[in-house]
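Order-wise, the sequence lines are chains G and C. Under the numbering used here, the first residue of the first sequence is numbered 262, with each subsequent residue one higher. Under the numbering used here, the first residue of the second sequence is numbered 276, with each subsequent residue one higher.
In case anyone wonders, no lab produced these hints; they're calculated from the structure. Worth double-checking, as some hints may not be accurate.
Distance windows between CB atoms, simulated [said to hold, decoys possible]:
| no. | chain 1 | residue 1 | chain 2 | residue 2 | range |
| --- | --- | --- | --- | --- | --- |
| 1 | C | THR303 | G | VAL413 | 28 to 38 Å |
| 2 | G | LEU311 | C | THR496 | 55 to 65 Å |
| 3 | G | GLN467 | C | VAL599 | 52 to 62 Å |
| 4 | G | TYR321 | C | ARG506 | 57 to 67 Å |
List of simulated lysine to any residue pairs, SDA-like, C-alpha gap at most 25 Å [to be verified]:
| no. | chain 1 | residue 1 | chain 2 | residue 2 |
| --- | --- | --- | --- | --- |
| 5 | C | LYS401 | G | ILE613 |
| 6 | G | LYS600 | C | GLU437 |
| 7 | G | LYS524 | C | ARG410 |
Covered stretches of chain G (in silico footprint by chain C; criterion: 3 or more residues with CB under 8 Å from a CB of chain C, positions within the stretch not fixed) [unchecked claim]:
| no. | segment |
| --- | --- |
| 8 | 375–383 |
| 9 | 432–444 |
Built from N, CA and C at the ideal position, the CB exists for glycine as well.
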Amino acid sequence: MSTTDGPTLIPDDSSAQEIADREAKMRRRKGWFPGLSDKWNALPRQTQWLFLIIVVVIAYLLPILNPPLITTEPGNNWQIALAQMSVYALIAVGLNVVVGYAGLLDLGYVAFFALGSYTAAMFTSPDSPYVHIPYLWTLPLAMAVAMFFGVVLGVPTLRLRGDYLAIVTLGFGEIVRILATIIPAMKGQVGFQNVGHPPGTDSAGQTIFQNSNGTPWYWLTLTIIIVVLLAAGNLERSRVGRAWIAIREDEDAAEIMGVPTFKYKVWAFAIGASVGGLSGALFAGQVGFVNNQKFDIATSILFVAAVVMGGTGNKVGAILGGALVAYIPLRFTAIAEFKYLIFGAALVIIMIFRPGGLLPARQSLLAYGRLAYNKLRGTNGDIPASGKVVLQSGKGADK
Amino acid sequence: MISEVIPTLLHSVPVDDTWITFDVNSFTQNFWSSTFDGLTFGAIYALVALGYTLVYGVLNLINFAHSEVFITGCYGVFFTLSALNFGPSAPRLAFWAIVGNLVLALIVAIIASALMAVIVERVAYKPLRQRKAPRLAFLITAIGVSFAIQYTIYWWRGPSPEAALTMFRPLPIFDVFGTIIDSQQVVIVVAAIILMIATDQFIRRSKTGRGIRAVAQDPDTATLMGVNKERIIVTTFIIGGILAGAAALFYVMKIPSGVQYNGGFILGVKAFAAAVLGGIGNVRGALLGGLLIGLIGNYGQVLLGSSQWTDVVAFVVLVLVLIVRPEGVLGSSLGKSKA
């Protein structure tokens, strides 16, 4: 956003302090983890990295550790549960680009997930009469296919108000499912068996990526999540990300400030779609079977619930939300039947009482703003949160 | 079971194109029957579309839960008629007895739907309005409450549709171009049109209607002029609920086994498409849009050869309308319509 350039936007010390105090007070009242983000941001860069590395290592070790109480066993296999959680987390990261960054409500995200799954299935499954390619090649292909349809759907609808996008995507999600039922090439309920998997055998000659063993799939998906996160983080801090946030906060204002809103909305939609396609391909590989029963609108709403629950616009929150949405029905099997009811009600309750979700996005925005602020002032620290003035001037900060 | 099917399907390249036809012959043969059927469905869509259009006009919000308001009405009809010993085959009752029973079912459905509409408004939307939440929050809440209701019904009634209820045996009335129009189609279309004219007149002539138009035009100014905005909003939801309840009766009349927990969902999307097609916020546009969506869907179904295509066709029409003429056929909004 070009507002960072203006010299008048840097407040003087006293007013900065005043704003900082007010913000600190507001945050303490609202947050569930008061001061956590401040503490995190106050840590030196090296400590942050160290901490992150530990978290990542623990994440990689999860299938082996199988921690008691947290584990989903005996009800569900823990490794497979982890693989599913990681796929949901990836979906949430992708949908977060659309809903969280750009503020576009995509209610048919499952359609892109389905496109990815079918791409993987139709090019690898022996049930498919078409050309067969190695599984790993279907991952970029699934991304491309989903992205193509994202652009096809996005171009006509993204010129309009956001509400239309919600209903059009809702319809699109349902149409993909119906088409999967009526087009014979997509095999309806019969579906595709033995979807491919990445190559490789272990020392005993066994295939590594088996459908019954979730661990390698989990590691693969986790690695992809980390790559996508790094990319998404870079996008978030780039010109594109700032444009998205400007569009989310006030589209008209963004347009007037010279942001080509339509272009960036299509970008957000296409990038989100491609991540959806990627996660669909991973899901198809892990489960090994694709038919038309898994891609209903209810699943799509679960995806939205994942993003909203975790914290709209916060990528760490999205991972948490995605993992939770998959984890809760697997861990608490008694309530698994009511998951749509629970997550539907959760959407309402969160939106009313805690619109930011578990990990509100404001913190990351603040961190960025403060960084810029400190750079401009040539100091490093001591004025928490006032950087928000640089990024967004006061109004509507908690959206 | 699947493992038995798989070998036969292996290497069977799907070349025959029976899944999609372009059967002009069947289309011309069935033209009139699909027209009349399409108009019947269109009348039902139009009644539901009115609920979307009114709420959108007043609050600028797609009330995703309106399909659940509608399905609540369907359950009202189902329970009333079940209690009155209606079953899969039409009951042998005198004409006025049937009319009386149906009116009772209609009243129950209207009350159920209107009540549900008010509950949705109070629980889901009002708190957000008070907190001045952004638009996205309203949309997310709308879809959330829609799902919460849908799966509450699922929890209560299970996944399968309720037993079929036939209200009366359709009697042939007219013969137009060799196609018979039956009493059911006449009842639905006539009743729906009467209801819509009544709504239109209510919004154009009554004091409350003027209030609705005022709030749709400019909520703040309307409040300054002494309009009770909150009451107008609730009234709007109630009107939408009443029309959805009426639509529910006709829907169960047309599709006796259509009462199901998610039965309102696709109908809701189509009704919304109808509202957009006619011009969202425009009461007369909802009627036109509903009838058009009903017709287009039915023609598409006959032409393309499967009933599943109706939904696809309706959706494609929605996208095309949004590309070509996003303000809809009739355009103007609720606030701009003249008194």
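Do the hints match the structure? See the list:
Distance hint check for C/THR303 and G/VAL413: the Cβ-Cβ separation is about 33 Å, which falls inside the suggested range of 28 to 38 Å. Between G/LEU311 and C/THR496 the Cβ separation comes to about 58 Å, which falls inside the hinted range of 55 to 65 Å. Look at G/GLN467 against C/VAL599: about 57 Å separates their beta carbons, and that is inside 52 to 62 Å. Checked against the hint of 57 to 67 Å, the pair G/TYR321 and C/ARG506 passes, with Cβ atoms roughly 58 Å apart.
For a cut-off of 25 Å, the pair hint linking C/LYS401 to G/ILE613 stands: about 10 Å separates their Cα positions. Between G/LYS600 and C/GLU437 the CA atoms are separated by roughly 23 Å; this keeps the pair inside 25 Å, and the hint holds. For the proposed pair G/LYS524 and C/ARG410, the alpha carbon gap of about 21 Å is at most 25 Å, so the pair holds. Coverage of a stretch by a chain is defined here by at least three residues with a beta carbon nearer than 8 Å to that chain's beta carbons; for the segment 375–383 of chain G and chain C the count is 0, and the condition is violated.
Requiring three or more residues with a Cβ within less than 8 Å of a Cβ of chain C, the coverage given for the segment 432–444 of chain G holds, as 9 such residues are present.
The structure fails hint 8 only (numbered hints given earlier).
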